[in-house]
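Enquirer: Please work from the sequences and hints to get the whole structure.
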Amino acid sequence: MIFWELFMAFFIPGIVGYGGGPASIPLIKHEVVERYSMVTTEQFGEMLALGNTLPGPIATKMAGYIGYEAAGVPGAAVALFATIAPSLLAMIFLLGLLYTFKDSPRVKKMTLYIRPAVAVLLGALAVQFFQSGAADAGITHTIILGAGSLFLFERTRLHPAFVILAALLYGVIFLS
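Sequential numbering from 279 applies to the sequence shown in our numbering.
Hints are computed from structural coordinates only; laboratory data are not their basis. Ideal Cβ positions, reconstructed from N, Cα and C, are used throughout, including at glycine. Among the hints, erroneous ones may be present.
Claimed, not checked - Label-pair distances were calculated between CB atoms; the ranges are: (1) Tyr448 x Leu373: 36 to 44 Å; (2) Ile422 x Ile293: 42 to 50 Å; (3) Glu324 x Leu390: 44 to 52 Å.
Expert: Structure (structure tokens):
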């Protein structure tokens, strides 16, 4: 019965908690504190504070912790699956729709309209990263890292993981 309760406690907020983790937190609290009494309000507050200090989505961190506390590793697995299941099901459904209509002229036209918008958003993000890097590390280091990365990507076709490792090594040597 605990596995069903864990599943429902995290599946329902995943469905109705539109807006991600911050929108789901009150719903999760209602389910695990008030409805199923898996944790106390104080424990939930401590988990929320700890979860906010760690990287990653808050809902999955809380699901893993509460599931583990309630039923060990299997409970954590059930709670984590229940947290991601709504998004997973929506993606499968939407992928099925996209696959069904992939040859439609309207879908092809829509993807043609989306590509420039994505390119502009990625370009704006790159400019923001460049400006932030120039402000934090200095323009010289930013240009060296940017030009070096571009060279390694384009000329040598080095895997991105190695380029990131090289940039980290450069930072450790020259920026520490």
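Enquirer: The structure should be examined with respect to each hint, and the outcome stated for every one.
Expert: Hint by hint, here is what the structure shows:
Taking 36 to 44 Å as the suggested C-beta distance range, the pair Tyr448 and Leu373 conforms, at roughly 40 Å. The beta-carbon spacing between Ile422 and Ile293, approximately 48 Å, falls within the hinted interval of 42 to 50 Å. Checked against the hint of 44 to 52 Å, the C-beta distance between Glu324 and Leu390 comes to roughly 50 Å, which is consistent with it.
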